Structure formats: C-alpha cells, structure tokens
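Novice: This is what each chain is made of:
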Amino acid sequence: MSADRVSYTLDSTLETVNDAEETAGRIAAEAGFDDEEIVKISMAVREAAVNAVLHGNAYDPCKKVTLAFERTADDLVIVVRDQGKGLDPGQIPDPLAPANLMKTSGRGIFLIRSFMDVVEIHPSQTGTELKMIKHIHGNPVDSKEAHQ
Amino acid sequence: MSMKSSTRQIDGVTIVDLSGRITLGEGSVVLRDTVRDLLSKGQKKILLNLAEVNYIDSSGIGELVSAYTSCKNQSGELKLLNLTKKVHDLLQITKLYTVFDVREDEAAGVKSFGK
Chain A
1322 MSADRVSYTL DSTLETVNDA EETAGRIAAE AGFDDEEIVK ISMAVREAAV
1372 NAVLHGNAYD PCKKVTLAFE RTADDLVIVV RDQGKGLDPG QIPDPLAPAN
1422 LMKTSGRGIF LIRSFMDVVE IHPSQTGTEL KMIKHIHGNP VDSKEAHQ
Chain B
708 MSMKSSTRQI DGVTIVDLSG RITLGEGSVV LRDTVRDLLS KGQKKILLNL
758 AEVNYIDSSG IGELVSAYTS CKNQSGELKL LNLTKKVHDL LQITKLYTVF
808 DVREDEAAGV KSFGK
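Protein sequence lines correspond, in order, to chains A and B. First residue of the first sequence: 1322, per our numbering; consecutive thereafter. First residue of the second sequence: 708, per our numbering; consecutive thereafter.
No lab work stands behind these hints: they were computed from the structure. Bear in mind that the values here come from a model prediction, so they are computed numbers and not experimental data. Where is the CB? At the ideal position from N, CA and C, for every residue including glycine. Treat the hints with caution; some may be incorrect.
Below, a list of computed lysine-lysine pairs in the BS3-like style, where the Cα atoms sit at most 25 Å apart [stated by the list, open to error]:
1) B:Lys818 <-> A:Lys1424
2) A:Lys1424 <-> B:Lys786
3) B:Lys751 <-> B:Lys779
4) B:Lys818 <-> B:Lys748
5) A:Lys1406 <-> A:Lys1385
6) B:Lys802 <-> B:Lys748
7) A:Lys1361 <-> B:Lys792
8) A:Lys1424 <-> B:Lys779
9) B:Lys793 <-> A:Lys1424
10) B:Lys818 <-> B:Lys779
11) B:Lys818 <-> A:Lys1361
12) B:Lys802 <-> A:Lys1361
13) A:Lys1424 <-> A:Lys1406
14) B:Lys711 <-> B:Lys748
15) B:Lys802 <-> A:Lys1424
16) B:Lys751 <-> B:Lys818
17) B:Lys802 <-> B:Lys786
18) B:Lys751 <-> B:Lys786
19) A:Lys1361 <-> B:Lys711
20) A:Lys1384 <-> A:Lys1406
21) A:Lys1452 <-> A:Lys1384
22) B:Lys793 <-> B:Lys711
23) B:Lys802 <-> B:Lys779
24) A:Lys1424 <-> B:Lys792
25) B:Lys779 <-> B:Lys748
26) B:Lys792 <-> B:Lys748
27) B:Lys792 <-> B:Lys802
28) A:Lys1452 <-> A:Lys1406
29) B:Lys751 <-> B:Lys711
30) A:Lys1361 <-> A:Lys1424
Computed, partial: chain B to chain A, Cβ under 7 Å [said to hold, decoys possible]:
31) Leu731
32) Val736
33) Ser773
34) Ile800
From chain B, some residues computed to sit far from chain A (all C-beta separations above 10 Å) [claimed, not checked]:
35) Gln716
36) Ile717
37) Gly732
38) Thr741
39) Asp744
Excised from the complex, chain A in its bound form (with noise of 0.2 Å):
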C-alpha cells in the first residue's frame, strides 16, 4: 500500500480557482477515475477553492489557500483550507429548500456533497478545512480482497 501526498499554497484570486480545478482533474485522471468521476471530483474542488477565495479570504492578498491531495489504497483525499473567519456548517442554506431555489448563490456545498463520498467541514477561529474523500473503486487492493 503506498500513499502519495502533495500540497500547495496558493494566493486568493480567481486564478487559483482555475489552478485548483485543473490539478485536481489531473490527479483525479493519474488515480484511475473515469472521465465522469474526474469532472465530478474537479467540479467539487473547484467549489471549494471558490469558497475559500471568496467566503473564506475574501480576496485577501495576504491570506493563502492551502490545497492539498492525498492517494491511499483506497481513497483520494483532498483538502482545501482557508484563512477566514471560519465556516459554520450549521448555517449553511438548503439550496433545494423551495424558498431558497431561486436563490443566486448558496450551491458551492451542496454540490461538493453530491459528487464527493465524504465531505468534512472543520471551522476554526483561523479558517475553514474542507476535507472532501472520494473513494477509488475497482483498485488492486480490492481486486486482491475480493479474490481471497
């Protein structure tokens, strides 16, 4: 079983949303995900980068993005942290509520939650971590399991 992790820092701009987005679609490709799951898993990464840009540093020059992938036996695990004022879990909207349906914003982590298998959200007085999980189906630790 071998675990491969790699992390950045990255500025609070719109250009990090793109970064984020497209190392984590290539790393999603480089762990065996099909063409549907890495657009899923990207899209989720994108969300978040967004959420931590805007909600969480709001554009702050001085406050950084922290992204970091790790590859297990069985999982891509992605974290995402900011330097803001720390999210509540607990306030976030329903987006499907039919009150807030016709709402202009809101949907960042209802989607994340849709495509990823685990989504955590750990705020804190210096930020918000979003760790989001997508389990790697098919591996050859399963493959080896199922045939034991």
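Model the placement of chain B on the given structure of chain A, informed by the hints.
Specialist: Just chain B now, kept in the frame of chain A:
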C-alpha cells in the same frame, strides 16, 4: 476556454448562442452583460442556446437563475435550449430543471414564446 456569446433574431425571439464555460469570473459576466443588454433594448423573449456550453459551476447556475428572474421581473421570458448532459444533470440535482422552460428544438422553442 472562455465564454463567447452571439445573438440572432427569429420571429421576435432573441436566440443567444453561448459557447465555453459559464463559471465564476468572465463566463458569468458575459452572460450577465448579454442578458442585461438585451433587456435594456426591450428584447424580452430570450432563448439561451447552451449546446456549446460544456461546463457550468455554481456561480454559473446562479447567473442563469439571475437572468431568468431579471427577465421575468420585466415581464419577459427566458428559456433554455439544447442542454448538454452535464448542464442537464446539474439542473436536475439542483431542482432547477423544472423551474426553467427547457427546449430541445430551436424552431419549436421559438414558437413556444407568446406573440
């Protein structure tokens, strides 16, 4: 790939051909400016052709909702045409598919607007 927008008129309906990505930043701004410009000219029957839109994020979804609402608030109509599978699936999971009037045929879409 950035977003491009062009407009054409058929029977009093403005068809907006969009291509590229409707995402936070340039793509959303192009859509917003296009719809705002049409409404300011009194062109309130708008058919957004999304056949060449291969990607849309939550900001882009928000921009579609905003365009729809702006049009409706000015007694206009905004409909969607030729959704790609990705955009179709996104509108389904966000429950917006039933909010928008979605068309698959341009001629029928044009005809669906009231005179």
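Novice: So, for every hint listed, does it hold in this structure?
Specialist: Now the hints, each set against the structure:
Between Lys818 of chain B and Lys1424 of chain A the CA atoms are separated by roughly 29 Å; this puts the pair beyond 25 Å, and the hint is violated. Pair hint Lys1424 of chain A plus Lys786 of chain B holds up; C-alpha atoms about 18 Å apart against a cutoff of 25 Å. Simply put, Lys751 of chain B and Lys779 of chain B have alpha-carbon atoms about 9 Å apart, close enough for the 25 Å limit, and the pair holds. For a cut-off of 25 Å, the pair hint linking Lys818 of chain B to Lys748 of chain B stands: about 21 Å separates their Cα positions.
Pair hint Lys1406 of chain A plus Lys1385 of chain A holds up; C-alpha atoms about 13 Å apart against a cutoff of 25 Å. Distance hint between Lys802 of chain B and Lys748 of chain B is unfulfilled; the C-alpha atoms sit about 31 Å from each other, more than 25 Å. Using a Cα cut-off of 25 Å, the hinted pair Lys1361 of chain A and Lys792 of chain B holds, with the two alpha carbons roughly 13 Å apart. For the given pair, Lys1424 of chain A sits about 14 Å from Lys779 of chain B by alpha-carbon distance, which is consistent with the 25 Å threshold.
About 21 Å separates the Cα atoms of Lys793 of chain B and Lys1424 of chain A, which keeps this hinted pair within 25 Å; it holds. Only pairs whose Cα atoms come within 25 Å are accepted, and Lys818 of chain B paired with Lys779 of chain B is accepted, the gap being roughly 18 Å. Restraint check for Lys818 of chain B and Lys1361 of chain A: the C-alpha separation of about 36 Å exceeds 25 Å, so the hint is violated. For the hint pairing Lys802 of chain B with Lys1361 of chain A, the CA-to-CA distance comes to about 18 Å; that is within 25 Å, so the pair holds.
Restraint check for Lys1424 of chain A and Lys1406 of chain A: satisfied, since their Cα atoms lie roughly 23 Å apart, inside the 25 Å limit. Between Lys711 of chain B and Lys748 of chain B the alpha-carbon distance is near 20 Å, which keeps this suggested pair within the 25 Å criterion. Using a Cα cut-off of 25 Å, the hinted pair Lys802 of chain B and Lys1424 of chain A holds, with the two alpha carbons roughly 12 Å apart. Between Lys751 of chain B and Lys818 of chain B the CA atoms are separated by roughly 15 Å; this keeps the pair inside 25 Å, and the hint holds.
Distance check on the hinted pair: Lys802 of chain B and Lys786 of chain B sit about 16 Å apart at the alpha-carbon level, within 25 Å; holds. For the hint pairing Lys751 of chain B with Lys786 of chain B, the CA-to-CA distance comes to about 11 Å; that is within 25 Å, so the pair holds. Distance restraint check for Lys1361 of chain A and Lys711 of chain B: the Cα-Cα separation of roughly 24 Å lies within the 25 Å cut-off, and the hinted pair is therefore satisfied. Between the alpha carbons of Lys1384 of chain A and Lys1406 of chain A the distance comes to roughly 11 Å, so the proposed pair stays at or under 25 Å and holds.
Of the supplied pair hints, the one linking Lys1452 of chain A and Lys1384 of chain A holds, its CA atoms being roughly 19 Å apart against a limit of 25 Å. Proximity of Lys793 of chain B to Lys711 of chain B is assessed by CA-CA distance (about 18 Å); at most 25 Å being required, the pair is judged to hold. Between Lys802 of chain B and Lys779 of chain B the alpha-carbon distance is near 19 Å, which keeps this suggested pair within the 25 Å criterion. Straight-line distance between C-alpha atoms of Lys1424 of chain A and Lys792 of chain B comes to about 23 Å, which keeps the hinted pair within the 25 Å bound.
At roughly 15 Å between alpha-carbon atoms, Lys779 of chain B and Lys748 of chain B fall within 25 Å of each other, so this suggested pair holds. Restraint check for Lys792 of chain B and Lys748 of chain B: not satisfied, since their Cα atoms lie roughly 32 Å apart, outside the 25 Å limit. Annotation: proposed proximity of Lys792 of chain B to Lys802 of chain B holds, straight-line Cα distance about 15 Å (limit 25 Å). Only pairs whose Cα atoms come within 25 Å are accepted, and Lys1452 of chain A paired with Lys1406 of chain A is accepted, the gap being roughly 17 Å.
Distance check on the hinted pair: Lys751 of chain B and Lys711 of chain B sit about 20 Å apart at the alpha-carbon level, within 25 Å; holds. As the CA atoms of Lys1361 of chain A and Lys1424 of chain A are separated by approximately 23 Å, the hinted pair is consistent with the 25 Å bound. Satisfaction of the interface hint for Leu731 of chain B is found here, the shortest Cβ-Cβ separation to chain A being roughly 6 Å, below the 7 Å cut-off. Evaluation of the Val736 of chain B hint against chain A yields a violated restraint, the C-beta minimum of about 11 Å exceeding 7 Å.
At its closest, the beta carbon of Ser773 of chain B sits 5 Å from a beta carbon of chain A; the interface hint therefore holds under the 7 Å criterion. A cut of 7 Å between beta carbons decides the hint on Ile800 of chain B: the least distance to chain A is about 5 Å, and the hint holds. Listed as outside the interface, Gln716 of chain B is consistent with that label: its C-beta sits roughly 28 Å from the nearest C-beta of chain A, beyond the 10 Å cut-off. Against chain A, the non-interface label of Ile717 of chain B holds: every CB pair exceeds 10 Å, the least being about 28 Å.
Not every CB of chain A lies more than 10 Å from the CB of Gly732 of chain B, the least distance being 5 Å, so the non-interface label is violated. With a closest Cβ-Cβ approach of about 16 Å to chain A, Thr741 of chain B is found to remain outside the 10 Å limit, as its non-interface label requires. Under the 10 Å C-beta cut-off, the non-interface status given to Asp744 of chain B relative to chain A holds; the minimum distance is some 19 Å.
Of the numbered hints given earlier, the model fails hints 1, 6, 11, 26, 32 and 37; all others are met.
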